[in-house]
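**Student:** Chain by chain, the residues run as shown.
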Amino acid sequence: MPRIVKTICFGLLAIGAACDRSDTFAEPSLDTELRQDVARWGVVPIGPVPAQDPALVELGRALMFDPVLSGNRDVACATCHHPATHAGDGLSLAIGTGGSGLGPGRTLGPGRQFVPRNAPSLLNDGLGLFYLFWDGRLSNFLVGPPPPPAGAGVPPGGSGLLAAQAMLPVVNRREMRGEPGDRDVFGAPNELAQFADSDSTAIRQAVLQRLLAIPEYVAKFAAAFPGTSASQLRFEHAATALAAFQAQAFTKTNSPFDRYLSHDEAALTTQQKRGGRLFFGKAQCSTCHNGPLLGANGFANAGVPQLGPGSPDTPPLDRGRADLPEQQFYEFAFRVAPLRNVELTAPYMHDGAFPTLEAVVRHYNDVPLALQTYDPSQLGPALRATYHGDPATIDSVIRTLDFRLRTPLHLTDAEMGDLVAFLKSLTDPSARDLSALVPAAVPSGLPVPR
Amino acid sequence: MTVPGLVALRGNVRALALSALFLTSAQPLPAQLISIKTVPIAQGDQFDIFPSQHQGMGAVSIALADTLLDPFRNPARGALLDAPRFFGSPTFYGVSNQTGGGRTLPLAAFSQHGAWYGGLSLALQEVEPSRVATSSVAPPPVPFAEPRPGVLPLNPGPASQPPQTHGNAYVFALLGKTLAGPRLSLAASFSWARLNAVDGVDLLYPGSLGIDQFGHAVDVRLGLLKQWPGDRSLDAVVLHNRFGMSQDVTYADLFWDPGTQRVLQRARLDRELDRTDTWGLHLQYERPLVSGWRIGWIATGNLMSHPKIPNYEIMSIPRDPGHSHAYQVGIGVARTNGPATFGLDAVYEPIWSETYAAAAAPTETAAGDTIPLGGKTIENRFRFSNALFRMGVGRELTFGGRPHAAAWQLGLAAHAIHYRLLQQDHIQNGSRGQENWWVEWTPTWGLTLRFPELELRYSGRVTTGTGRPGVQNGIIALADPAAVRAGGLLVAPNGPLTLQGVSVVTHQVSLSLPLR
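Protein chains in written order, with the numbering used here: chain A, 923 to 1372; chain B, 2 to 517.
If we strip away everything but chain A, and leave its shape as in the complex, we get:
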């Protein structure tokens, strides 16, 4: 019997040894890896946006579409942030007062210049972005938004920064205020243009006086700010109402990707999931576009071609955040845009240099090469001549290029297609048609931009 036992033991051991060898393994699934990526980069679902006061929203809606806020009474906030163009204007560089038309067809007025930067879409600006404007001049960090006016019913949520943002375009000559000597659409002198640039308080108060001269606005302000008399009102109240409207109307976070984040694994197609893996992996997009908002939390010199009139301080170039005090480090760096609904907000980058997502992805595939070989024919005719493609400018941009973009990604065409598919999964279907937001009329009786 012992011999039998020994034989059997050896037999079992031999079987075990035969099985004890390496194996072939399947790749982890797209979902498993994508969810790991999402967690690794701090991407989380967006919670509900706090409800806004309906009276405040109604006032903000009227203000948003009313050209009375502009010196020449010819542009409204919605002219550059119109629902038809998904809270942007569809232009590479914005066209402010004096222009004509709307959306991509808008043209410069005689003697006018482009606004130096692209008008960013307002979609999801109410989510509590860390920085607003392409150079991040408004931030919840360090500087912080201006304090709300005393007695103002500051809308809940992250609208404080939005309200602060709403106070700036009305004092900007090229965007809304106009130049000295301008006459408004009725031929009357533009009184707002007469103030010195440094007297922003007086400018805003003058805008408010325009509003309070209209009985319907008086009623709307009274409804939105009960207990605040007309004499106590300041432009900050109007800005607060604009922020409330924008936060309510332009918050769109029910994209397939958002549903995927909320554990609906069928929300994304396989191609979109592959693109997501690239976004968080090989393509390195998430090194900048991370966090809950997929961006809006930092700045980068992405090697974007320089075009347009440039910033007032360093024309014809736009040095981006470096033009802000004590921010020289950020040479040619601009805010990393939040990416939800990015499909709808073309053209892209701070100066709208790229008309499509495909063009953006090709640019990032090899930034130095793309910058040197940029084809300005993809710009609108009026902008092509403003492209600064001289070697010195290109060298300046490349010299301070973000270190993450200095090496080509070597993405294939198929991979770039997947990446674009993923970016399109960030679109909330309800953001595709915002036309219902446009009012039939505004209290001033001026034409509603449409």
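For the record, the hints were derived by calculation from the structure and aren't laboratory data. Predicted, not measured: the structure shown is a model, and the values here were computed from it. For glycine and all other residues, C-beta sits at the position ideal for the given N, C-alpha and C.
What the simulated footprint calls covered on chain B by chain A, stretch by stretch (three residues with Cβ under 8 angstroms from a Cβ of chain A suffice, anywhere in the stretch; the number is not a length):
id, segment
1, 246 to 257
2, 356 to 364
Examples of chain A residues lying across from chain B (beta carbon under 8 angstroms, computed):
id, residue
3, V971
4, G1050
5, T1192
Use these hints to put chain B onto chain A, whose structure you have.
**Tutor:** Below, chain B alone, put in the same frame as chain A:
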């Protein structure tokens, strides 16, 4: 020893990639219920609670009768109990690295009255948690592009539930009759288990705050034992087993709150259902050979349907129904030579299993077709070719001039699992194959003391070659959510799985004494 099918990592930690995990072994009364495993997950010996004469001999069973355990397998075997008896078999098992354990106290009594015989067993069980408590969900690393002066702290979220022991209860009843003329015994048994804890399931939701399990298992058997002169016998068992568990899993989900501009946590409760129904048929024939040798054959078939498969945290597919059919064919030999006993079982175990994922909505395929709602998007076809070997020796000892006063047993069992998986992706119109195998080793030992009034048995075993997922230094490896599930059914982790090799040690002390 490395665990086959695993890629060795540092130390004793291994990583595994899988497309599908399938475990069906964790069920009460496992005899004649064939387990299905696709990863070498350590499953505690939670359900091996009844006494056995040959547990110390590697649990050989085909050619050796086991009057203690056999009535639980085939109720008709209760007819072979020679006298009314009481059994108690306190059983303790533990998984190394403090990753689980449990205690069970089964009590049983069998009696005969004329041609009728019956038995009743009750058992209480306490199962320890398989993982340590996590105080809260850690914030995910957010590698922002630059230092952010305003990085906001996470709000305290829902508190995690401290792991707790949970209790299970088992009831077993048997009733049979012997027809003396044809030496035929017929019996039926019914067992019911109220389950609040299946060992290791909490490891399958590594990112959760807590898991609340509840459910039941029901097993109904009809048994037949036919004996012929010359000590030949035939067993036949028809069984139906229903296993149903619910797992209420609490997660703390992070979300961005636009109102406070912070990342906050909110609780989410997912109820996962785990259902398997099994029909089984078991045949066993044994007869003596020459010179004290015996030989036996078994043939077992299980048809399993899986109406609902839990959506484990690690799983993306398949979460939808599937079915399996599993078989065992085996041969066993045994020899009793004076005081010594030897036994050997060899079993071949082919299994076919299909699971699939159903489309939650009409889904466009790469070829441009559309898979309708409920259509199959992914199909997994497993083909197992397993082998099970058990062998053991035992010897009676004489003490104080009393023969058979004591006995020792030694044994070894090896379960070699090998499978091929063909996975078809109907969305991408692609397919791929996967192959995996490993061996689980179980040395056993036992000691028996017999007194005129009672019989006291001790048996022990240790199973190696398996692991527990995601456990490193006593901390669940949350960084790798692709873990596993154990205990009950199907999983499709399809992610890198981190396993740490563990051993499962079980001790059982059984007491048997005549009631009169």
